[in-house]
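6 protein chains.
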Amino acid sequence: METTEATQLHSVAPTASPEPVTRITEDQREALKSIGSATVSSQLSKMGIRDPHITGIGPLTSAEAIAGTALTLKFMPKREDLYRVDEYADPEVQLHRHVLYAVQAGDVVVVDGRANMSSGLFGEMMLTYLVGRGGAGLIVDGCIRDWPAVQDLGLPVWARGTTPNFHTQTDLMPFDYNSPIACGETTVIPGDAIVADGDGAVVVPASLVDKVIAVSSTHHDWEEFSRLKLREGADMRRYYPLSEAARPEYEAWARANGR
Amino acid sequence: METTEATQLHSVAPTASPEPVTRITEDQREALKSIGSATVSSQLSKMGIRDPHITGIGPLTSAEAIAGTALTLKFMPKREDLYRVDEYADPEVQLHRHVLYAVQAGDVVVVDGRANMSSGLFGEMMLTYLVGRGGAGLIVDGCIRDWPAVQDLGLPVWARGTTPNFHTQTDLMPFDYNSPIACGETTVIPGDAIVADGDGAVVVPASLVDKVIAVSSTHHDWEEFSRLKLREGADMRRYYPLSEAARPEYEAWARANGR
Amino acid sequence: METTEATQLHSVAPTASPEPVTRITEDQREALKSIGSATVSSQLSKMGIRDPHITGIGPLTSAEAIAGTALTLKFMPKREDLYRVDEYADPEVQLHRHVLYAVQAGDVVVVDGRANMSSGLFGEMMLTYLVGRGGAGLIVDGCIRDWPAVQDLGLPVWARGTTPNFHTQTDLMPFDYNSPIACGETTVIPGDAIVADGDGAVVVPASLVDKVIAVSSTHHDWEEFSRLKLREGADMRRYYPLSEAARPEYEAWARANGR
Amino acid sequence: METTEATQLHSVAPTASPEPVTRITEDQREALKSIGSATVSSQLSKMGIRDPHITGIGPLTSAEAIAGTALTLKFMPKREDLYRVDEYADPEVQLHRHVLYAVQAGDVVVVDGRANMSSGLFGEMMLTYLVGRGGAGLIVDGCIRDWPAVQDLGLPVWARGTTPNFHTQTDLMPFDYNSPIACGETTVIPGDAIVADGDGAVVVPASLVDKVIAVSSTHHDWEEFSRLKLREGADMRRYYPLSEAARPEYEAWARANGR
Amino acid sequence: METTEATQLHSVAPTASPEPVTRITEDQREALKSIGSATVSSQLSKMGIRDPHITGIGPLTSAEAIAGTALTLKFMPKREDLYRVDEYADPEVQLHRHVLYAVQAGDVVVVDGRANMSSGLFGEMMLTYLVGRGGAGLIVDGCIRDWPAVQDLGLPVWARGTTPNFHTQTDLMPFDYNSPIACGETTVIPGDAIVADGDGAVVVPASLVDKVIAVSSTHHDWEEFSRLKLREGADMRRYYPLSEAARPEYEAWARANGR
Amino acid sequence: METTEATQLHSVAPTASPEPVTRITEDQREALKSIGSATVSSQLSKMGIRDPHITGIGPLTSAEAIAGTALTLKFMPKREDLYRVDEYADPEVQLHRHVLYAVQAGDVVVVDGRANMSSGLFGEMMLTYLVGRGGAGLIVDGCIRDWPAVQDLGLPVWARGTTPNFHTQTDLMPFDYNSPIACGETTVIPGDAIVADGDGAVVVPASLVDKVIAVSSTHHDWEEFSRLKLREGADMRRYYPLSEAARPEYEAWARANGR
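Residue numbers (the numbering used here), protein chains in the order written: chain A, 229 to 487; chain B, 229 to 487; chain C, 229 to 487; chain D, 229 to 487; chain E, 229 to 487; chain F, 229 to 487.
Careful, some of the hints might be misleading.
In this list, chains with the same sequence are indistinguishable; a pair is considered to hold if it fits within one copy or across any two.
[Claimed, not checked] Derived pair list, reagent style DMTMM-like, types lysine to aspartate or glutamate, alpha-carbon separation capped at 20 Å: (1) K274 to E308; (2) K439 to E258; (3) K261 to D438.
Simulated from the structure, these hints should not be mistaken for lab results.
For clarity, every value in this text was computed on a predicted model and none was experimentally measured.
Make the full structure from the sequences, and use the hints.
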């Protein structure tokens, strides 16, 4: 089948790389990871970001917390004139490989897999390479494959599920990498930060990372005390949030426990 | 934004409590728990209750079995004239706190979260309080948040999933507690019994609790024997249900094993 | 309610058995199990089978790999004139029992449960019998019940979920066994092979079993070497697939490691 | 691709016809059509048939009322080893043609199209033939094609929608005709009666046709009178259903209007 | 089946009426109707109401525009202990009748039908009465029945569809009227205003009706002129919104055409 | 809220235009329109394009057939840091305007609206301009607004539905125009041809337009004859496709009727 030059742009390996991604620092990664997705989401909400949660995906693994810079990969509905089987002769035209070449330590690969349940967008060999490159995790609005082997890699994965099918076996084709994508009804720009844990994954706009870290580091000093009281069934009206009436009691506890 | 007195009724703390809930007894709780959700559902079906199963939710935890009295909490689609951000100044106007104040040992909090996947209806601190109050479990047609911390509380939870978002971050607002709700396409009246385990959660109308316990305590004495035979691959036509032909064999086994 | 002779055909026990099922051999079962669902799916794709994956179901258990011959069971929307409650007087009219009578060692029971989430199509006793008969596993496009007991049976199960409801409590009735069914948008003919593991379950047409085994046994000899290199973050362009440039390096490794 | 004899059974033209269908009479058709789907559904509900409505489909046309005997056609998920492109060389192997050969005046063709929105199960030429054969209507749990031409045929059609794709272009293949099918979550046996109008389509079990007609012909004589009163806004408590207090008023009206 | 006093509260006719509903005036109704749902929605958005649109329903009829005061009716999942068949002996226990008794000229009945497609919540006779009472329209998150007759009543209806089934035939029971409901993921309080037309239906909080009318009556005087220019394909940058550069041209047109 | 330069790239008006679109000719448009979507889809299927149908949308209007060159517009999930309310001060930053500036006679605007039912992506004024520019039609995987006015414009529209909400009122923001999009699970490249009618809309890759026209112009000369015979109920085996046995009959008819 003949294709025009214009459409070949998408079916062969990109000759020019996308613009380079500016990464968050290791300190920022560590800070975001310890804050966790729930507090990050609350703080972003206060800054006007209504819903930073990547909806519809959950941890496939034991949900170790991660934070890192988003690299992106976009799949589109397969069109046989744009994605041809014989292209496999040259693996370099497989676009989903290219996002992995760009991975640096601490990066999180985020994939728009169009919520498709019949396409395994990455398998064991490529995810082994992602681990080898120091990738922090994988976020897929769709499925991966080779799960029996992948679960032994120690790679944190958030996805919709697994399938034995390979990435272009049914409805999808890879189309772009490190361009803006939609993932779980959230827009992700390469260079945004990702925070993911047992609650799910959230996107932190690159421009807001420092602000989120700053406001999240102000903890309520009484939180540990209140948690203990609530666990005992004490009156929540008194202890959460800490009432003025209970403050002396908290302060006595803090002194007694060396806080 | 101005709101009328009528609508404020729903956005401020209730001045009058709902009618008190009549609870099932500890004996009834223990009996229902040991019967399990599958037998409870079958027996209710025979009594004319077509489908007591709360559809669409599963255990988030290891699915310890529970039974208890239902307290209810209802969320509704958020309307910004009825639920305003500055209300947070006074935590007492947060209706979802009020259902927790009412919890007694053995109660199960059942939440109509409208199957919403972007609202974390309870988080760690409030669920710590639920544990502190002796709550038996939590049933949510929707999501909770703070899962990395909540999973260590030992609270049995049945829900659709988790999200980092807080309860009113996106589409919902709490509206009523201890009023009739729909949860997983099942109507729950405060004071009904809940039985939940690895199969899911079922609602037992308060008026049918004794009847369900009475009919469920009549066990087939041959069940253990038949299970052993089926496990050996013996003819199911002979052993399940126990045929007349196999009854002497069963009785010999029962005598030999001191049943 | 009166029913015609024609419709009674479906509501009473079948007097004539379906045609006997031709099974795959134990060698074929072992071969398919070790190949795994991902490679099987790829190979079938190359043979023209677009999507052999049974979509929408996952492992309920720890996802031990299985392979075996498909026996089938079909549920249909319940019609009260065709399926009457008093039929329970005679358990032999329960069609879902009959597929179990036919089970031989290594068989996989595949059930079209119409993706229904309110019908528990098999429970503990019948699945105990399936284990006793040497069944290799259970594939259900729908739910099972008695999960607290079933998970201790050691039976590999792929399904949509669990429910406390029994099989005909709500919307379904068993209708046929060992006839062609649709399961997870895949057609299954009795006698086809099933391969299932952590990625999901796939159907191998009986006529293609030998061909799949033949082509799948040709492994890339360099795969273990490449995996090691990728795990170290070495250049994927060089090692996966193995480039001509890297072949001497691989061969040296192979000699050194006695491959 | 090679296929076994067993699977060819489904991919070639049937050599043996299914059992002949016993039809309802023209009088029965006329009676059911004048009763309408709403009353038929209510009456079946009283006889124990919970939900005879074919859910999910609506009239594509102006929804002229029809009633007739159901002939059935079943589609299944396409499997390329069972349905091969080169079969088109002989049109007689196209199973969906065969159900049309069987059509007699007053028949309704009912198709299990698996709710698929990408398969146009019949087009203009075959539906022209259905009209030519005197078919009363078409019920499709799926789509038809050639709508610009089909809408001029005057054939009443209930379906999910339209698509330009042909019947086996994407996911489906025809599999059986005049065998039991599920259509819109309702089981249809060849020979059942279908009643369809602006409310939708319902299935009347063949064995219940006479009973439905008998009970539906008893009309409330006061209904026309009550309708007039309700239209005037008169008290519904008095006139619907007709109260004893209003009966003399009704009787006077009936006399005055010659009823 | 025995039911407790508490649950009977919901299954018998209410002895006490809900609090009376305060209605919008005829002037307000006329103003809202002429503004239309699109402008109303935009204006509410500017006032902080994010999404007043009742999602998922459309006009069944030719979509004449309406505006009126909302009366509400709530359906809940059917529970056979709370809703018993023999209650039909007394039609007054049918709660859906009671909301109709309360209808005054210009009222709009809004029904939470839980998006159910198998329950026809109102039929011809009751909707005749709604017309007789001067009801302005009907909004149903679910289905109605008797459509062949209802479409001749001239009653504007927005709903999900039609079904031949009656209101409690399958999964629902009426539960409350003139209490707050959710309809199409929007909260409706009795006394709110409803505006519905070809775009759909929106809810205007009672407290915001005057404000919406006030801000919507300020029209751009140049809109008619711009529409004419756009229709001619003139530069949208110049004419919509009207640029300063084009204002003299507009003013000349206005003078020439007597505006 | 602060945003980086990088993210502003998407929230302000593009300074550089996308590459110009190469259009199909008027002759090609006329040819494709007369062929119709059903034949186009079949022919593309034979050329290896599995499913060119834009799934999930239908004609809002009377479904006049159209064909034209695709211009594209892409919406993405709204992120408040990327799309700010005060941007409305300058209408030129509204990206959905820009695709209209590019419209020439015979163009079809195709919009990826992410299947969203709460965003009205175009309204009356902009669609008036589309008509003024000579646009052939509008294809939206989502909703439009102002339907009461739009339906009078005479613009053929295929969409999921209507809503009173404006384009960025809830979840979406415009992001790009004349770049590749996914619409109804089909990839559309600017410059592709669109054919739409009562069956729905299909995408013809620009490179295949001539080929589709060429193969579709070969009509079966006997089709009109066969249609007449089928309409009379004559044997479909004889007349469709025309059998050799019936060819003399056809030829006699053709001579008699001057074909």
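Here is how each hint holds up against the structure:
1. In this assembly of identical chains, K274 and E308 lie within 20 Å of each other by CA distance solely across copies; the values are 12 Å between and 45 Å within a copy.
2. Within a single copy, K439 and E258 get their C-alpha atoms as close as 15 Å, which meets the 20 Å cut-off; across copies the closest is 49 Å, which misses it.
3. In the homo-oligomer, the alpha carbons of K261 and D438 lie at most 20 Å apart inside one protomer (13 Å), although the nearest pairing across protomers, at 49 Å, exceeds that limit.
Hint compliance for this structure: no hint is broken.
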